[in-house]
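Participant: Okay, here's what each chain looks like letter by letter:
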Amino acid sequence: SAVISQKPSRDICQRGTSLTIQCQVDSQVTMMFWYRQQPGQSLTLIATANQGSEATYESGFVIDKFPISRPNLTFSTLTVSNMSPEDSSIYLCSDTTGSGYTFGSGTRLTVV
Amino acid sequence: TQLLEQSPQFLSIQEGENLTVYCNSSSVFSSLQWYRQEPGEGPVLLVTVVTGGEVKKLKRLTFQFGDARKDSSLHITAAQPGDTGLYLCAGEGGSNYKLTFGKGTLLTVNP
Chain A
25 SAVISQKPSR DICQRGTSLT IQCQVDSQVT MMFWYRQQPG QSLTLIATAN QGSEATYESG
85 FVIDKFPISR PNLTFSTLTV SNMSPEDSSI YLCSDTTGSG YTFGSGTRLT VV
Chain B
22 TQLLEQSPQF LSIQEGENLT VYCNSSSVFS SLQWYRQEPG EGPVLLVTVV TGGEVKKLKR
82 LTFQFGDARK DSSLHITAAQ PGDTGLYLCA GEGGSNYKLT FGKGTLLTVN P
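Residue numbers (the working numbering), protein chains in the order written: chain A, 25 to 136; chain B, 22 to 132.
To be clear, the hints were calculated from the coordinates, so they are not data collected in a lab.
Take the hints with a grain of salt, since some may be wrong.
[Claimed, not checked] Covered stretches of chain A, as calculated for chain B (at least 3 residues, CB under 8 Å): (1) 36–45; (2) 55–66.
[What the hints assert, rightly or not] In the DSSO-like style, the derived pairs of lysine-lysine whose C-alpha atoms are separated by at most 27 Å in a straight line are: (3) A/Lys89 / B/Lys119; (4) B/Lys77 / B/Lys119; (5) B/Lys124 / A/Lys89; (6) A/Lys31 / B/Lys124; (7) B/Lys77 / A/Lys31.
Ideal placement from N, C-alpha and C gives every residue a C-beta, glycine not left out.
Construct all of the structure, not just a fragment, from the sequences and the given hints.
Facilitator: See below:
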């Protein structure tokens, strides 16, 4: 299965600023996903990122707040824009090769 | 919208005890996956069940997929402190490969 390198692993940011999270996969994957997770709780899908097309966002998430890039089949970024304390969470990327899903190790974001 | 009800949400047991985690839905899933997540890490896939009635064993862990492919269970025999973690079930139901996650079970095994 693919290995995903996600960075940064954690950050503390000022409200009103933006943070870009990067995920690098060690092989080409068609679909990548971005999730949000409160510590000890389940994952909520933010959007699906496909190479060469606009990301598909889930209900409650919009492109202006969470712009996503997918420039090639091994890389994707998620930006958390104009952050507020409510955005404090763990953000994870994931990919699938059709035979299983692999997750990055997550980015723990704290907005102060 | 597909929903997965996972229970219990919290479980604290002593080493050597057995436990079962349940995942139930009113929707049919093409596959159901179980993940384990430790603090500071992403979820790691334990098993995928695809066929209704399927049973898979992974050492002391037994996974079962319901006949109607709407529910699943994870049974751990003789739990050990190393089993401590967040267990998540996730269903795959459509052609877009999106996963629907249960709320998770936070398991603590005390020595």
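Participant: Now tell me if each hint is right for this structure.
Facilitator: Here is how each hint holds up against the structure:
1. 36–45: violated (count 0)
2. 55–66: holds (count 6)
3. A/Lys89 / B/Lys119: Since the Cα atoms of A/Lys89 and B/Lys119 sit roughly 21 Å apart, the hinted pair holds (cutoff 27 Å).
4. B/Lys77 / B/Lys119: 23 Å, holds
5. B/Lys124 / A/Lys89: The given pair, whose Cα atoms are some 25 Å apart, holds under the 27 Å limit.
6. A/Lys31 / B/Lys124: 25 Å, holds
7. B/Lys77 / A/Lys31: Roughly 34 Å separates the two Cα atoms, so the pair is violated.
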